[in-house]
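Chemist: Residue strings, one per chain:
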Amino acid sequence: MIPLRYTLLFCLSLLPTHLRAQDGEQLYGLYCAACHAPDGKGATGGAFPPLAGSEWIHGNPKRSVAIILKGLTGPIEVSGKSYNLEMPPQGDALTDDQIGAILNFVHNAWGNTGQEVKRDLVRVTRAEFESRTTPWTAPELLKLFPLEKQDTALANLTSRVYKGQWNLMPDFNKIQAENVEEEHKGILDTALAAMKEDFGIVWEGDFMAPVDGEHLFILDADDGARLILNGQPVAEVKGLGPMGSGKRISKGKAVLKAGANPVRIEYFQGKGEQGISLGWKLTGAKEWQWVSAQTPKSKPGTPPIPLTPQDGKTVIYRNFIEGSTARGIGFGFPGAVNMVYSADHLAPELMWSGGFIDAGRHWTNRGQGFQPPLADEVVTLTKQPILAPSARFKGYSLDPNGNPTFHIKLDGQLLSDAFAPGPDGTLIRTLTLSGGASVLEIPLGDNPSVTPVKSVSLAPGKPVTVTYHLK
Amino acid sequence: MRPLLFLTALTATSFAQTQKQSEFYTIEPIPLPPGEIMEIGSIALMPDDKVAVTTRRGDLWICEGAYGDDLSKVKWTRFAHGLHEPLGMYWKDGSLYLTQRPEFSRLQDSNGDGTADVFETINSDWGINGDYHEYAFGTPPDKNGDVWITLCLTGSGGAASDWRGWTVRITPDGKMIPTCSGIRSPGGIGFNAEGDVFYTDNQGLWNGSSSLKWLKPGSFQGNPTGNKYHKLANLPAPPEPQDKSRVLAEHLKFPDYIPPAVVLPHGKVGQSPTAIEPDLSGGKFGPWAGQVYIGEQTHSQVQRVFLEKVNGIYQGAVFLFLEGFQCGIIPAKLDERGVLFVGGSNRGWASRGNQPFNFDRIKWTGKTPFEILTMSAQPDGFTLTFTEPLDPASAANPASYSMEAWTYILQKGYGSPEVDKATPIIKSASVAADGKSVRLVIEGLVRGHVHHLKAPGVKSASGLTLWHPDAFYTLNEIPK
Numbered sequence: 001m002i003p004l005r006y007t008l009l010f011c012l013s014l015l016p017t018h019l020r021a022q023d024g025e026q027l028y029g030l031y032c033a034a035c036h037a038p039d040g041k042g043a044t045g046g047a048f049p050p051l052a053g054s055e056w057i058h059g060n061p062k063r064s065v066a067i068i069l070k071g072l073t074g075p076i077e078v079s080g081k082s083y084n085l086e087m088p089p090q091g092d093a094l095t096d097d098q099i100g101a102i103l104n105f106v107h108n109a110w111g112n113t114g115q116e117v118k119r120d121l122v123r124v125t126r127a128e129f130e131s132r133t134t135p136w137t138a139p140e141l142l143k144l145f146p147l148e149k150q151d152t153a154l155a156n157l158t159s160r161v162y163k164g165q166w167n168l169m170p171d172f173n174k175i176q177a178e179n180v181e182e183e184h185k186g187i188l189d190t191a192l193a194a195m196k197e198d199f200g201i202v203w204e205g206d207f208m209a210p211v212d213g214e215h216l217f218i219l220d221a222d223d224g225a226r227l228i229l230n231g232q233p234v235a236e237v238k239g240l241g242p243m244g245s246g247k248r249i250s251k252g253k254a255v256l257k258a259g260a261n262p263v264r265i266e267y268f269q270g271k272g273e274q275g276i277s278l279g280w281k282l283t284g285a286k287e288w289q290w291v292s293a294q295t296p297k298s299k300p301g302t303p304p305i306p307l308t309p310q311d312g313k314t315v316i317y318r319n320f321i322e323g324s325t326a327r328g329i330g331f332g333f334p335g336a337v338n339m340v341y342s343a344d345h346l347a348p349e350l351m352w353s354g355g356f357i358d359a360g361r362h363w364t365n366r367g368q369g370f371q372p373p374l375a376d377e378v379v380t381l382t383k384q385p386i387l388a389p390s391a392r393f394k395g396y397s398l399d400p401n402g403n404p405t406f407h408i409k410l411d412g413q414l415l416s417d418a419f420a421p422g423p424d425g426t427l428i429r430t431l432t433l434s435g436g437a438s439v440l441e442i443p444l445g446d447n448p449s450v451t452p453v454k455s456v457s458l459a460p461g462k463p464v465t466v467t468y469h470l471k
Numbered sequence: 001m002r003p004l005l006f007l008t009a010l011t012a013t014s015f016a017q018t019q020k021q022s023e024f025y026t027i028e029p030i031p032l033p034p035g036e037i038m039e040i041g042s043i044a045l046m047p048d049d050k051v052a053v054t055t056r057r058g059d060l061w062i063c064e065g066a067y068g069d070d071l072s073k074v075k076w077t078r079f080a081h082g083l084h085e086p087l088g089m090y091w092k093d094g095s096l097y098l099t100q101r102p103e104f105s106r107l108q109d110s111n112g113d114g115t116a117d118v119f120e121t122i123n124s125d126w127g128i129n130g131d132y133h134e135y136a137f138g139t140p141p142d143k144n145g146d147v148w149i150t151l152c153l154t155g156s157g158g159a160a161s162d163w164r165g166w167t168v169r170i171t172p173d174g175k176m177i178p179t180c181s182g183i184r185s186p187g188g189i190g191f192n193a194e195g196d197v198f199y200t201d202n203q204g205l206w207n208g209s210s211s212l213k214w215l216k217p218g219s220f221q222g223n224p225t226g227n228k229y230h231k232l233a234n235l236p237a238p239p240e241p242q243d244k245s246r247v248l249a250e251h252l253k254f255p256d257y258i259p260p261a262v263v264l265p266h267g268k269v270g271q272s273p274t275a276i277e278p279d280l281s282g283g284k285f286g287p288w289a290g291q292v293y294i295g296e297q298t299h300s301q302v303q304r305v306f307l308e309k310v311n312g313i314y315q316g317a318v319f320l321f322l323e324g325f326q327c328g329i330i331p332a333k334l335d336e337r338g339v340l341f342v343g344g345s346n347r348g349w350a351s352r353g354n355q356p357f358n359f360d361r362i363k364w365t366g367k368t369p370f371e372i373l374t375m376s377a378q379p380d381g382f383t384l385t386f387t388e389p390l391d392p393a394s395a396a397n398p399a400s401y402s403m404e405a406w407t408y409i410l411q412k413g414y415g416s417p418e419v420d421k422a423t424p425i426i427k428s429a430s431v432a433a434d435g436k437s438v439r440l441v442i443e444g445l446v447r448g449h450v451h452h453l454k455a456p457g458v459k460s461a462s463g464l465t466l467w468h469p470d471a472f473y474t475l476n477e478i479p480k
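In order, the protein sequence lines correspond to chains D and U. As numbered in the working numbering, residues 1 to 471 make up the first sequence, in order. As numbered in the working numbering, residues 1 to 480 make up the second sequence, in order.
The hints are simulated quantities; they were obtained by calculation from the structure and are not laboratory data. From a predicted model like this one, the values you see are computed outputs, not experimental measurements. Note that the Cβ used here is the ideal one computed from N, Cα and C, for glycine as well. Be a bit skeptical, because a hint or two may be false.
Pairwise CB distance ranges, derived in the manner of DEER restraints [claimed, not checked]:
no., chain 1, residue 1, chain 2, residue 2, range
1, U, A193, D, Q232, 28 to 34 Å
2, U, G114, D, S245, 42 to 48 Å
3, U, S428, D, V124, 33 to 39 Å
4, U, G114, D, K462, 32 to 38 Å
5, U, S428, D, N84, 55 to 61 Å
Below 25 Å or equal to it, Euclidean Cα-Cα: the simulated BS3-like pairs (lysine-lysine) are [said to hold, decoys possible]:
no., chain 1, residue 1, chain 2, residue 2
6, D, K394, U, K92
7, D, K409, U, K175
8, D, K62, U, K73
Not everything, but these chain U residues come out facing chain D in the computed CB check (under 7 Å) [unchecked claim]:
no., residue
9, T121
10, I128
11, K143
12, G145
All chains should be modelled from the sequences, with the hints used to inform the complete structure.
Modeler: See the structure below:
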């Protein structure tokens, strides 16, 4: 008895992994294919739910284990189609190893990319739901194991962003892309390019068709867009114009094979509003499945995050501010006066009164682009380097109220450039030069209503004060 | 009938005892300041058990109590705000040093009120133009006191600003030395235990899969987009790699093109590698002393890497390690006492888990998992060492192992499928006298390929199967 047991044990552990992998396919054929079909598309022409391309195999693999162990009953939506069937529980018929093998096959077959199911996971899941005697319902499963949000029908999606001015769809193959991204969420979103006008986007990836058969598509865009599936144009919104009115919507259909179908969506934006919406459904289905951040009714945008001084102290915003350079540093002073200092040009470049800045663009999503100040009127002081090319930005210090003094290293001299709010909507600037003997000419720009002088001469050891009137 | 019954019974008993992460490591979320959005980009360890973090929103917070037994008692102080996306930070001699997007800077609290009032710019000699992709990741100082900063391309296809696609060093006196070219899209930079510098680069143009790359000074890392700046450095540009080639082929043509030390096969070992952190805890974080941990943003994991140098080139194996974090991991910092801090963000890309940001503390429970500890290349195979004594029968059985090998297309296009697939054959497996290592003799090793070892049949003397039965070894060089 004992020797026999050891022999068998030894033989089992000898099974190489590729045989186990084949096991999964064989076991699937034996236990699952009757309903789900050998090709995973659902037996009898899709009367049963597909596993190929199904959103239910993604995310927590425990969900799949739980379904096999206890079965599933009642209405369920799979790949945009509704089913109302009974799946019998298999927990008492299949061992942990077999369930693991089947799921590892299903999670990797037919273009699926589900997570690996380890034997331990099956064992743990079995123990966790041991006392359950009834099959699952779809709402129960969704509560325990929500579907991953990024699982749209668009898989392996990348986006390429192009700059250019067009009235009609250009040939993007002839233009160099500015940027390429992976779009793991499988969502088309023009806002992620964070450009206002004169740009294009090409998304490429796989449209994961749930079943063989005819699929319907609905495309709308501001401005132009084109949908290409398996190399064939399916829908196109031509030229310049708004979306959402229904007048420019393009519908198309394509007969697809279940699984991955190469998809390409081209888009370009001229001026003004932008956006794209793309939906799909199986012929006969009611609801469109959207694979875009916008639907024809929604508007894009990031949540506003306006910044204001806190506790009487100046607030700093170091990011890309429209009108200055990439090394701009924004200051929102108490008293609603504001400034952007360019650490590239070594000068205050923008001043305004009123609200400071909305950080929403840079603090959500990917943070692309320059953000304009929160004001209608912004005074531009200077726009170019004001000191010799050898001048170096050495940073800033803050006084107890958070007001900055910038430090600049010159040949043999140091320049301190301090800013603080004054009375009646003024900003007081104090320039101090130390070391050496040279006098420094500081241009102030040409804005007589803000400050009457266009430049000041700065001698070492003799600070100069400039008052800016912003209200 | 009888044999069948036996078989069923034995199938049940043949299940080896399995191992769970929670037996070996505890992951504890550290409570964050209420109401704050803390997408953490860098972590620095400070005196008096304080831990500093920077956020995407430009805040620098200092946490007291992060080592404490009761994490509900942590106290947070905002030390600075208005920073420009710091992705590198360390503490030295009373100052916090930051790699910010536009500059390398030093922050000080000169009046002792608990907040920074000096923001000194030490160096800002690289370009930025407002493209969000132009990230800058920085290290702590190396053996010479230099800080290494790796500069992402402009977008992923351009180098519109000076030194994009390069790694530079900032010397203690504030000079910038352009040091390596060929960078695409870094997710982190750091040292191995020997103090050599590595960075992680993400799959994309000229990058078939994400990988851990060795920043050998003067090396080219494969993406030619930033090569126009060799002119600025008064250096000859490397030859442009041939499109649709292989890394090995281009390395043989141009030896300064250093191949990735460890490829992190796309999808199998994460999708977006980030932080690099060596284990200098001397065994306080488990038996992995001297190895390297890598953060992973998309899969919200920490991977483990064993590195070795063969013929002067780094290579080695990556193993899956920690998982189940609630958000994609960006920075990581391992204390010498064996406490690992990780932080993260989903940052407009998707990541596994339910949180938009996180800050976690990970500790070793003291229990050693049964794992492959190291995997070293041999002229005709590999030597594996294990963390626990082996069951000699299963470990000496070649059928307990299998191997697949592949590489990627080096191309201008985005990423690559796995290509040139091969199936090396495990000819023999010999257990060493110490009972903790195995010498595999393998037929059909392929230089330049990722070798995926699967060892599900190996058991420990106490009957455990491996916690992680997979290893991915990048065989840049086959030892002679």
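Chemist: Now, for every hint given, state plainly whether the structure supports it.
Modeler: Here is how each hint holds up against the structure:
A beta carbon spacing of about 55 Å between A193(U) and Q232(D) contradicts the range 28 to 34 Å that was offered as a hint. Separation of G114(U) from S245(D) is about 57 Å and departs from the stated range, judged on CB atoms against 42 to 48 Å. Checking the proposed 33 to 39 Å range against S428(U) and V124(D) shows it holds: the Cβ atoms sit about 36 Å from each other. Range check, G114(U) to K462(D): Cβ separation about 36 Å, and the 32 to 38 Å hint holds.
For the pair S428(U) and N84(D), the supplied restraint of 55 to 61 Å holds, since their beta-carbon distance comes to about 57 Å. Distance check on the hinted pair: K394(D) and K92(U) sit about 19 Å apart at the alpha-carbon level, within 25 Å; holds. Distance check on the hinted pair: K409(D) and K175(U) sit about 15 Å apart at the alpha-carbon level, within 25 Å; holds. For the hint linking K62(D) to K73(U), the alpha-carbon distance of about 35 Å lies beyond 25 Å, and the restraint is violated.
Against a cut-off of 7 Å between C-beta atoms, the interface hint on T121(U) holds, since the closest Cβ of chain D lies about 4 Å away. Because the smallest distance between the Cβ of I128(U) and any Cβ of chain D comes to about 4 Å, under 7 Å, the interface hint for this residue holds. For the restraint placing K143(U) at the interface with chain D, the shortest Cβ-Cβ distance is roughly 27 Å, beyond the 7 Å limit, so the hint is violated. Hint status for G145(U) relative to chain D: violated, with the closest Cβ pair at about 20 Å, above 7 Å.
Going down the numbered hints, you'll see the structure goes against 1, 2, 8, 11 and 12, while the others check out.
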